[in-house]
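All chains should be built: construct the whole structure from the sequences, respecting the hints.
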Amino acid sequence: MSILNRFLGRLLSSMIVLIGVSMLIFFIARIIPGDPARIALGPRATEEQVTQMRETLNLNEPIIVQYGLFMRDLARGDLGISLYSNRPVITDLAEYLPATLELVLFAGVMMVAFGLPLGALSARYRGQWPDSLIRVITLLTVSAPAFVWAVGLVLVFAYFTPLFPITGRISDAMTIPHVTGFLLIDTLAAGRFDGFLSAIHHLILPAFALSLSGIGQAARLTRANMITTYEQPAIEMAQAYGFSEARIANRFAFKPSLIPSLTIIGLDFAALLGNAFLVEVIFAWPGLSRYGVGVILQKDLNAIVGTVLIISATFLIANIIVDFLVSILNPRIRLSENRS
Amino acid sequence: MTSNARLLAGTTILAVSLSAMSAHAERVLRADEVAVGEIDPAKATDYADTVLAINLYDTLVYPKQGGSGVQPHLATDWTIDGATYTFNLRQDVTFNSGNPLTAADVVYSFERMMAMGQGNSSLFAGVIDSVEASGEYTVVFNLSSPFAPFLSTLIRMPIVDMATVKANEVDGDWASTWMSQNSAGSGQYIVASHDPQTETVLTYEGDYFVEPAASYPETVRFSYGLEPSTVRALMSRGEHDITSQWLPPEVYAGLAKDGATLLTEAGLTGEYFKLNTQRAPLDDVHCRRALAYAFDYATMGQLTQINDETSTGKPMSGAIPAGMVGYDATKAVFAQDMALAQEELAKCAYDPSEYPLDVAFIAETPARERGALMMQAIYSQLGFSVEISRTPWALLTEQVTAPATAPHVVEIAISAASPDTDSLLYAMYHSSQPPTWISSSYFKNEALDALLDQGRVETDAAAREDIYGQANDILASEVPDIFAYELLSPFAVREGVTYHNLADPSRTYPVSGFNMRFADISVTE
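Quick mapping for you: the protein sequence lines, in order, are chains A and B. Under the numbering used here, the first residue of the first sequence is numbered 1, with each subsequent residue one higher. Under the numbering used here, the first residue of the second sequence is numbered 341, with each subsequent residue one higher.
These aren't lab readings, by the way, just hints derived from the structure by calculation. Every value quoted in this text rests on a predicted model; they were computed, and no experiment measured them. Ideal Cβ positions, reconstructed from N, Cα and C, are used throughout, including at glycine. Careful, some of the hints might be misleading.
Said to hold, decoys possible - Partial list, computed: chain B residues near chain A (C-beta under 7 Å):
1) Lys383
2) Thr385
3) Gly457
4) Ser462
5) Ala465
6) Pro536
7) Thr538
8) Leu566
9) Glu567
10) Thr570
11) Ala573
12) Ser576
13) Leu735
14) Thr737
15) Pro774
This is the structure we're talking about:
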């Protein structure tokens, strides 16, 4: 099977998953208690006004008809108006998704950049004090949720020692033209290196808070896998050949141990999207996770479905990428897929 | 010139330049509220929306500064002839677009609000037959019948620039989408940028018919949904100026210790424990009275205390907050009386041990759990078992749409929409009102209905005072709610910022949200 065929196959199955998700979330959103029209219009609205809005939102139609109308509009790229923001849902998603993706991707990079080396270091010095220290630290990072770290980081690096900004994505004094919505890209595209640095400065604390749990998990997993690999005869043989410890660690122990870690990191990506909510709230990050919770509390049906669909699509894409990376790293998977 | 002289000259020039830059440094005010912020005045409903509306738009009348009722604003004067109100407008007001504000804009603003059917339009639904411009600067409102609270209600009808709005209409949408991103008003500020979930940036427009305060903010960054821990850190860094009213008491106390000034806004808001008068055992007035007498108002008062100087509540003597028509300052405030509670309970037709009470508090406001726990402790002394439920707001709004599914007791703060008592009592207690969280005591009382109807048509001030006084007495006696305390919304203000309208009672506007006129705030550091 060629790479293109495999890609198309995964894309097709992802589309089916997305349709399933759309049906599921469409029906679940309607089970959430509360009349969206009444919530949007407020308690002083007359019954006539509530009825009028219910008609506008097609809420008086049978649910199957509502779903059909939703899919018809979706095919035209129209997700309706958000009752939460009073703007088209598409506008909201286009504005908030890049902010969350930038945060999550930056956190993902931190997860890989810190998690894997820490795991390798821990395995390399297994049983010694660096291993013990790393295990304690990673246990701590795994056991506390991201928002606890977020509050702690604000306290240490923003309250006691004001080293980092705590709200927003870039300095208030800077105006960067909106092109992609990813400020790290838009600032460079605009030739504003100072803006790029400011965006990085604003990203560090929230991304670190978000990634800490993943860093711990990646480190612990990498350590466990590497220790298993260290027990393989191949390592013993490499030692017998007189290879340096660093070379054995990097080449013969780390690379084969990377595959399970990478798979978990792919799954962690979805967790990052979920955990991003409280981090976004604490750092006033104008992202999609914060928006998602806001629309659920407001029972904003159009926005709930739109948000869940876009997060699902992002998750599926991330997993496709991870699958491809794993197959590149592990020839056995690639060969078995080719045979099938 | 010697090198020393050149150095001296250079330093002087640099110092002068820096001081000039400093003199022209932009004055920025940073405040926050809960998400989301809506800038279209026809969709405005909550506190943040009110703050935006009063800074971007003007209304015919405005709540009376330092008093009750309303005062002229865009309207210089008016005449009332039965159900016909004729307003003369100021002739020196222009919109931010440069267009003059005329009677035609008033007519259009009303039509737009009613056609969109959102926001505060319900306050005018069924009240107004027609609005017409009888001259360039004269507008006539023909009401369907005399409606005494009409003048007060007009504080909720901001005037939009008809020409600008019409130019941005798409398919007859009344420019709804455009107006949620841009402003078309005559207010002191215009919208520089707006993200309903994150922040609205406003800039001072100038050339306004009311003078701004000294050192008024030229730019305002109005943020939404900041976490208490974030606000605390921002304030300590001098990066935030005025907090929202929704922080936990400990955070206000901490900010005060750090040097912030704590101010409160009365805003005609009551904190009510709404009793479900349609569910046993609270369909029996004696049971309700027993709960009201047993309620520990003093402890509740302590719970509202932020520090020795500032409290977020003051005792009530009835359903009507201080400053509204019908409020009687001479009446004693409520106090706990367990003997009377037992006496009333003895008259109640229900055995308390057979009727557990479910007391709900809104999950999004965890501080209210303390009130529920206090009730649990006290009412157990009367023989009631109390089950506390932490109910998300969306679920609560669903539950209260029917008495059968609504909890026995729920604690809610309710603000008057206008300075008129009608805007509070009618929505809460008139039997014609749809079942919502405001009316969730489902109280039905013919005498009260008659008084509330009478209050709507009576225009004589003394007679209205009497009518609402009687209504207040009925409510105190029939106990559809426990009137826990009058809510004083707290705000922490950073040193160097003066929030004149709250700091000086003679400058305070009586309605919640109407004090935050940004140009009335001084930012000196």
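Hints, verified against the model:
At a threshold of 7 Å, the smallest CB-CB gap from B:Lys383 to chain A is about 6 Å, leaving the interface hint in force. Hint on B:Thr385 holds. Least Cβ distance to chain A is approximately 5 Å, under the 7 Å limit. Evaluation of the B:Gly457 hint against chain A yields a held restraint, the C-beta minimum of about 5 Å falling below 7 Å. For the restraint placing B:Ser462 at the interface with chain A, the shortest Cβ-Cβ distance is roughly 5 Å, inside the 7 Å limit, so the hint holds.
The restraint placing B:Ala465 at the interface with chain A holds, with a minimum CB-CB distance near 5 Å, inside the 7 Å limit. For B:Pro536, the interface hint holds, since its Cβ comes within 7 Å of a Cβ in chain A; the closest pair sits about 4 Å apart. The criterion of a C-beta within 7 Å of any C-beta in chain A is met by B:Thr538, whose closest approach is roughly 4 Å, and the hint holds. The interface hint given for B:Leu566 holds, since its Cβ lies 6 Å from the closest Cβ of chain A, which is under the 7 Å cut-off.
Because the closest C-beta pair between B:Glu567 and chain A is about 5 Å apart, less than 7 Å, the hint holds. For the restraint placing B:Thr570 at the interface with chain A, the shortest Cβ-Cβ distance is roughly 6 Å, inside the 7 Å limit, so the hint holds. The restraint placing B:Ala573 at the interface with chain A holds, with a minimum CB-CB distance near 4 Å, inside the 7 Å limit. With its C-beta approaching chain A no nearer than about 6 Å, B:Ser576 sits inside the 7 Å limit, and its interface hint holds.
The restraint placing B:Leu735 at the interface with chain A holds, with a minimum CB-CB distance near 4 Å, inside the 7 Å limit. Interface restraint check: B:Thr737 against chain A, minimum CB-CB distance 5 Å, threshold 7 Å, status holds. The criterion of a C-beta within 7 Å of any C-beta in chain A is met by B:Pro774, whose closest approach is roughly 5 Å, and the hint holds.
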